[in-house]
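Trainee: Working from the sequences, and respecting the hints, build out all of it.
Number of protein chains: 2
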Amino acid sequence: MAFDRLIEKIAEMQNPTVAGLDPKLAYIPEYIKTEAFEKYGKTLEGAAEALWLYNKGLIDALCDVVPAVKPQAAYYEMYGWQGVRTLEKTIKYAQEKGLFVITDAKRNDIGATMEAYAAAHLGVTDIDGEKAEAFGADALTVNGYLGTDGIKPVINTAVNGDKGMFVLVKTSNPSSGELQNLELAGEETIYLHMGKLCEQWGEEIMGKYGYSGVGAVVGATYPEQLKELRTELPHTFFLVPGYGAQGGTADDIAGAFDKNGLGAVVNSSRGIMCAWQKEGCDGSAYAEAAKNEALKMKKLLLDVAGEIRLP
Amino acid sequence: MAFDRLIEKIAEMQNPTVAGLDPKLAYIPEYIKTEAFEKYGKTLEGAAEALWLYNKGLIDALCDVVPAVKPQAAYYEMYGWQGVRTLEKTIKYAQEKGLFVITDAKRNDIGATMEAYAAAHLGVTDIDGEKAEAFGADALTVNGYLGTDGIKPVINTAVNGDKGMFVLVKTSNPSSGELQNLELAGEETIYLHMGKLCEQWGEEIMGKYGYSGVGAVVGATYPEQLKELRTELPHTFFLVPGYGAQGGTADDIAGAFDKNGLGAVVNSSRGIMCAWQKEGCDGSAYAEAAKNEALKMKKLLLDVAGEIRLP
Numbered sequence: 001m002a003f004d005r006l007i008e009k010i011a012e013m014q015n016p017t018v019a020g021l022d023p024k025l026a027y028i029p030e031y032i033k034t035e036a037f038e039k040y041g042k043t044l045e046g047a048a049e050a051l052w053l054y055n056k057g058l059i060d061a062l063c064d065v066v067p068a069v070k071p072q073a074a075y076y077e078m079y080g081w082q083g084v085r086t087l088e089k090t091i092k093y094a095q096e097k098g099l100f101v102i103t104d105a106k107r108n109d110i111g112a113t114m115e116a117y118a119a120a121h122l123g124v125t126d127i128d129g130e131k132a133e134a135f136g137a138d139a140l141t142v143n144g145y146l147g148t149d150g151i152k153p154v155i156n157t158a159v160n161g162d163k164g165m166f167v168l169v170k171t172s173n174p175s176s177g178e179l180q181n182l183e184l185a186g187e188e189t190i191y192l193h194m195g196k197l198c199e200q201w202g203e204e205i206m207g208k209y210g211y212s213g214v215g216a217v218v219g220a221t222y223p224e225q226l227k228e229l230r231t232e233l234p235h236t237f238f239l240v241p242g243y244g245a246q247g248g249t250a251d252d253i254a255g256a257f258d259k260n261g262l263g264a265v266v267n268s269s270r271g272i273m274c275a276w277q278k279e280g281c282d283g284s285a286y287a288e289a290a291k292n293e294a295l296k297m298k299k300l301l302l303d304v305a306g307e308i309r310l311p
Numbered sequence: 001m002a003f004d005r006l007i008e009k010i011a012e013m014q015n016p017t018v019a020g021l022d023p024k025l026a027y028i029p030e031y032i033k034t035e036a037f038e039k040y041g042k043t044l045e046g047a048a049e050a051l052w053l054y055n056k057g058l059i060d061a062l063c064d065v066v067p068a069v070k071p072q073a074a075y076y077e078m079y080g081w082q083g084v085r086t087l088e089k090t091i092k093y094a095q096e097k098g099l100f101v102i103t104d105a106k107r108n109d110i111g112a113t114m115e116a117y118a119a120a121h122l123g124v125t126d127i128d129g130e131k132a133e134a135f136g137a138d139a140l141t142v143n144g145y146l147g148t149d150g151i152k153p154v155i156n157t158a159v160n161g162d163k164g165m166f167v168l169v170k171t172s173n174p175s176s177g178e179l180q181n182l183e184l185a186g187e188e189t190i191y192l193h194m195g196k197l198c199e200q201w202g203e204e205i206m207g208k209y210g211y212s213g214v215g216a217v218v219g220a221t222y223p224e225q226l227k228e229l230r231t232e233l234p235h236t237f238f239l240v241p242g243y244g245a246q247g248g249t250a251d252d253i254a255g256a257f258d259k260n261g262l263g264a265v266v267n268s269s270r271g272i273m274c275a276w277q278k279e280g281c282d283g284s285a286y287a288e289a290a291k292n293e294a295l296k297m298k299k300l301l302l303d304v305a306g307e308i309r310l311p
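First to last, the protein sequences are chains A and B.
So for the first sequence, my numbering puts the first residue at 1; every next one is plus one.
So for the second sequence, my numbering puts the first residue at 1; every next one is plus one.
The hints are simulated quantities; they were obtained by calculation from the structure and are not laboratory data.
Treat each hint with caution, since some may be false.
Where chains are identical, the list cannot tell them apart; a pair therefore holds if satisfied intra-copy or between any two copies.
Unchecked claim - Within a straight-line C-alpha distance of at most 30 Å, the following computed DSS-like cross-link-like pairs (lysine-lysine) qualify:
no., residue 1, residue 2
1, Lys-24, Lys-92
2, Lys-227, Lys-89
3, Lys-278, Lys-56
4, Lys-97, Lys-208
5, Lys-227, Lys-92
6, Lys-24, Lys-131
7, Lys-278, Lys-131
Mentor: Laid out in structure tokens, this is it:
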């Protein structure tokens, strides 16, 4: 099961960090952009090439210190199909370097359409009898607003292909409570209800370390809810966004980990990607700066997670 | 405002139908696939070419009888970046033929990331000072589970660029009630609450015919809720999936229309795309069969909507 692989990598590296790959042009050093624009001009193709070169450097620097990366689909789609091609190249390259890849695409739909998304991002596509892999990540973030019809096709693909998913439960943004914190007539919140659906959906795809292949997105910015959900959802692995730039600290995340220091992988995107800007480095040191920032984050997280042990 | 354009086209054509463009290979006539596979093999590229040829024929046949088309992103993504390139070509070609294009991608995220999705699908992307359009549809479906942070960036793009959006409110699938029908402690359902958020979000982007640029997805398969939502959400234009293959009939949809026969655009995907298979036509007649089916649907919808008039 995919999250068994993720858990083993987290334990092996003693690091529950996932590095976000959200490559905005503004984050990319000038020399990389110059190289790309000289080849292809200031076009979608040129931008996509800059993204690719930048990501490649990040992956080379990070693959020894983090177990996973999380490309955010939006930052590739904004550069058209050319950007989407960079997403595909990035996923494949990261996997070659041994990284677990979570595509953050928050996809959602029903039935045959959700099957198509699952095939696109986690599975294989059938082309009149020939099989091809479109994007082939290890896990995908999904939005459960449509209920089981939108999740079942991803579970089927995950079971057959050693893949996993993270369902949005309690997101990190300020307005997340507008819907997610509303109380249902039965006196539980929507996010808790969604979390319990994850536990239920996960029964079909249990891993050997007690966590299922149906994870949950729970923001670092809501520490009380993180703690509540860790208790209520013992078999659900968390993807925790909101660390760093969004204001979440290592202390805020403490409640996300179980007694073995497992149970969560914590994302940092801008913090790692833009470390070179924050530290006023020369652009050519961007990958080194990213690695140093990832090591700093690892230390802070281990301080609250404790030594990470396989159960 | 984009939905003013949509409404005018609906009135001009006397047809509230949107044709879904969900081009699975299984729906595509053999002679088109043969042509594409001879050029590019049974590869993602070959499949993407078949999708493109098929779509082009559908658009040529439908552009005189329907006001809008709705490509479903999943069916392009499953064929990799090559499929995503076909999505882009399809959108541009449909617009050249005068069609209003709704990209059904149900995107959702927050802040800068949602801005990236809005730029990708509705706006323009900045490439170090140069502007490029990535996909450039007229409207986008979005999922509001993350609250205002996930909608505001789309509204900003819509206001600046004459675009619109449809927020998932009550979806057409069997399990949609698992979350959407739950009752909140205040005694309204989640879908109604989400609908009321649409009314609120729409205040910033009101059109001249009484409908805002923030529409809602409401399934044909739940006629009672359609009627309820039409009454509760007087400024929210509906995108109605679930007609035909999913079981919704014209009678089920009657409640979605206002007294002018406006208020909703009704989607049919498989019904129109696969008409040639259902009617046992030769593959070469697929576009003609699609057109005939669209005309049949127009008649059935007008029977319940009445004559369509601009207010």
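Trainee: Now tell me if each hint is right for this structure.
Mentor: The hints, checked one at a time:
In this homomeric assembly, Lys-24 and Lys-92 come within 30 Å of each other (Cα to Cα) both inside a single copy, at 20 Å, and across copies, at 25 Å. Proximity of Lys-227 and Lys-89 under a CA criterion of 30 Å is satisfied in neither setting, with 37 Å inside one chain copy and 47 Å between copies. In the homo-oligomer, the alpha carbons of Lys-278 and Lys-56 lie at most 30 Å apart inside one protomer (21 Å), although the nearest pairing across protomers, at 49 Å, exceeds that limit. For a Cα distance limit of 30 Å, the shortest separation of Lys-97 from Lys-208 inside one copy, 25 Å, qualifies, whereas the shortest one across copies, 55 Å, does not.
For a Cα distance limit of 30 Å, the shortest separation of Lys-227 from Lys-92 qualifies neither inside one copy, at 35 Å, nor across copies, at 48 Å. Taking the shortest Cα distances, Lys-24 and Lys-131 sit within 30 Å of each other only across copies (15 Å), while inside one copy they are farther apart (33 Å). For the identical chains of this complex, Lys-278 and Lys-131 are inter-copy neighbours only, at 27 Å across copies versus 45 Å inside a copy, given an alpha-carbon limit of 30 Å.
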